[in-house]
Structures are given as structure tokens and as C-alpha cells.
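> Single-letter residue listing:
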Amino acid sequence: MKVEQISVFIENKAGRLAEVTGTLAKAGVNLRALSLADTTDFGVLRLIVDNNKKAEEALKDAGFTVRITHVVAVEVDDRPGGLHFILQALTEAGINVEYMYAFVQQSGDKAVMIFRFDQLEAAIAVLEKSNVTVINGSKLYTM
Amino acid sequence: MIFDMEYETMPREALESIQLKRLQTTLSRVYATVPFYRKKFDEAGLLPGDVKTLDDLRRLPFTTKQDLRDNYPFGMFAVPMENVVRIHASSGTTGKPTVVGYTARDINTWAELIARCLAAAGASRGDIIHNAYGYGLFTGGLGIHYGAEKLGASVIPVSGGNTKRQVIIMKDFGPTILTSTPSYALHLAEAAEEEGVSFRDLKFKSGIFGAEPWSEDMRTELQNKLGLKAMDIYGLSEIIGPGVAMECHEAQKGLHIYEDHFIPEIIDPRTGEVLPHGETGELVITTITKEAFPVIRYRTRDVTSLNPDPCVCGRTHYRMDKISGRTDDMLIIRGVNVFPSQIESVLMKIEGVEPHYQLIVDREDKLDTLTVVVEVSEGVFSDEVKGLQQFSTTIGNEIKDYLGISAKVRLAEPKSIERSQGKAARVIDNRKI
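Chains as they are written, first to last, in my numbering: chain A, 505 to 647; chain B, 2 to 434.
Rather than coming from a laboratory, the hints here were simulated on the basis of the structure.
There could be a bad hint or two in this list.
Rough simulated footprint, nothing fancy, chain B against chain A, three-plus residues with beta-carbon under 8 Å [what the hints assert, rightly or not]:
id, segment
1, 507-521
2, 539-549
3, 634-645
Virtual Cβ for every residue (Gly too), placed ideally from N, Cα, C.
Turn these sequences into a full structure, and let the hints steer you where they fit.
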């Protein structure tokens, strides 16, 4: 139930982000969601795309340092406390969220969040036990 | 004031006759006691007795830093360890540091030389010396310390670091002479200003600045900002430490080399030919009074020239120009000698570091900074920022551990560092000396 995410190392200088998006556009890769973690010197761009293989190859060919990691896409009730309910369940199970960001599209009437956990499998088990919908890759990439 | 009137103002003829006698004694001694020199002289087909004039010195082979490394740690010592009372070493390296030893007489010689330096800067009994050179394996701190005591001045062994405390001491103890690296002096001035203390209100009359090369522009800046006379001191641990040469406050033009202990030569670094006075080249020094660690024709790699003109101060010892550069790629960062190759070997030991890196040296807030730029390979890249930060922290810690200098680490994209055959492109020195 985990999904693939592409991470790209980007130096903190003008135009680098545009070079990533340009490379992906040329390869015909569509972005589904992204987040950028930044420090003073560099950033880590995390992407959910419709075609991981194509994206990875195109970025590597363009000289970027790329890594595929596994994350979890979760449906979140679009109401006050929706996200809190999920985090509460994870906290109780002692699972740490490394980072999270929102998906652009909704899944029906629900929001979608991408989570990166320190204990991936355990997190999925907790979520499913709490009746939270975990979205699989084939659905997510084409949403 | 001249500390040693007899030797410092000795007529050239008498000085040179003493030099020759001392040189001959030194050569006989190293030939008998240091296998390295015996082998070198034998290979050159020379016996110590063949040196009959000072000019014959140029027939002897050079000694290099590599020779010292090859004989690590005590192979170049010319006395048994029972007679060695002190050991110093160059800044730690991944390879071998340069280890030097001193007999009790060497320590005394060194103290006298520093006493001469302090006197040349206008210091005497009654002066308080704020000694901010680092104490430890580095020769700066202890070298100045013993000389200050020899002179009869009061020395504050404050060493480097803890700048705020230094400002309090400078304000409350009223030191009159500052001894430090020039960059640290400027840093102290800024720190003092932040504490609301103006250097101009302090009692300093002279500053003795060394361990890193500095320019006439830097002198103007030091004198203006610190309200003292900025004086240049020269030395290196391989020769004795600080106290090989010193400016006089009368002329502030060129550093008198204490020729009754050291014989200077200027050579063409490519051919090894001795150059005439006035020409710029590499400084080569032979020690003629050292007991534990004599060196014959040591190539300092420092670039300067010799000035034989008489000086207004009355000293007869030749003056060398301020150091204008190096003939190798050694960097001096906050007074610590660092070769790019040393940083490279630290980097190569860290998993995931690519063999492409760049060293950028800057001067920020008057202090030298070293930035190591390292490319991020797939092996170390992770989607989490903390993993990358851990990686750069590790690099910084390793450099600090091995070389004793703090470095900023900047992670760069692969292939972003210029590929070049030459070593020079690996080092970008933005400092203006």
C-alpha cells in the first residue's frame, strides 16, 4: 500500500527548480504532488508523478541526484479534526512522522495527504486498523 | 630598545666569522648524529670539512618538509631523548605532522630570540603582554611566553579563543603589548566594540602579529582600528618557532633575521640557484645554534627577498621583506597550516564523499573561514534533510578532529564542481593578503 516518491537534490540557487520541472515537462511526466524542504544551502524536492520510471531516468540523464523512497498516501476527512484523528492514532502507536504534505487532487470528497514515516509497515497497519483509507500507487499516480 | 646589543649590532665581518664557525660546528654534528644528513652529504660527495666559507653553504643539499615527514617522529633529532626537554608539532594531519624537539639550551636560545623580538617592538620590563597565540603543540603561545619572561615583562597566557573573556582581561589588566595572529587581533577589536570597549582606550602600544602572512594594507587597518603599532614577526616550527625574524619599531620596514642563529638564503624555487640580494625568491634557512633539531638549508616555501642595507635602528642583521606568498599550495587558515591534500585525505575516508571537492577560503569578520564544497552522490542522498545535514556534520567533525580547523560544509549537486587537471582549481582563496 506504499507509494513511490521521487526525491531530487537541489542546490539553493536561482533557476534550479525550473530545470527540474523543465526536464520533467520535456519527458512528458505529469506532477501529482510536490513538497520542497529547504535549508540555507540546498533543498530536497519530493515529487509524486504519474510515471516514476520515466521521471527518474529523465532527471538522472539531466545530472540530478535522484532517489526513490516509499511514502504513504492517506485519505483525510475534509472536516475539522480530520487530520488530527489520523495523527492521534499514529501518536498512540508511537509512530513518528518524518514529514508530510498535501496532494493536489481530492479523492472524492476527501483530501489526500502524503506521509513519510520512520516505520512504514507499522504505520500502514495502524492506519488500516483505524479505518483510514490508504491509497495505492496505481490509483494515486492517475488521480 | 635592543635586547642583545653585542650580537644584534655586531659588525658584519665579525658576524660572518661567527656564522661560519657555528655553521661548521653544526655540520659536523649533524653528520655525526643524524643518519639523514650523513646520507645526504655522502650522496653529494661532501664532508662537513669541505665547507670552508659561507659561500660553500650553497653546495649542500636542501632539506624539505617531506624529508622531515619521512623521518617522523624523531629521526631528525641530533641529540638523544634524554637531552630533549620540549617537543612541539605542526598542526595535526592525517599523514604525519612535523615534530620538532628542543634541548634546554634551545629553549633558552628561543626565549632570547623572542625577548629580542619583543624589545624590537618597544617592549621592556614593566610591560604587560597579552599573549593570544594558541598554547599547545603550536609553537606560538609557549614561544612568546618564555621570551616575555626572559625579557622580564609580565605575560598573560590568555591563549586563543574565549574572545569575550579576552576583552574583559584587556580592559581590566591593561596589557600594553598584544601578541596574536593579525586576523585574530582584528576579531578581538570587533568583539571589544560589541562589548562597548574601544581598543583606542586600551593601553596597547604595540602588537606583534605573525603565524600568517599579512600586507601593508593590513598594517594600516590594524594600526587604525587598534590604535597600536603593528609589527610583523616571522618564524616556523621547523626552524625554531616564532622569533626567526622581527621588524624593528624604528623602521617598520623589513624583518631583521637573527643571523647569529640562522643563515638565510634566497633561491629560485625552480632551479635551486641562490639569488643575489634584493631578488625575490624562496627563503631557505640553516640553523647554526640549534642542538636538538638543526636543519640545513631548509626550504621554507615562503616567498620574500633579502635587504642588506643598514637600518636606522642600528641592527646589522639583514632584513627580509614581508612574506608575499608561498611556492607550494599550503594554506594558512587562522594561523594553522593546511595543505589541500590533507583535507582531501580526510574527505576520502568518509563514506559517500565523491573525489570532487572544492575548498573556498574567505575572510569574514576578520577571521579566516574554510568552506568545503562536496558533491552529493546517490549513495548519501536521502529524501530527508536530516540525513544530509548529518552527512555534512560528519565531514565538519572529521576535518576538525584531524586538522584542528573548523570548516563549513556545503553540499553541492553532482558535476557542479569544475573538473580540472590542476590542483589550483580545487582551492579558491578569496582573501587579500
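> I'd like to know which numbered hints this structure contradicts. Please list them from smallest to largest.
Per hint list: single violation, 3.
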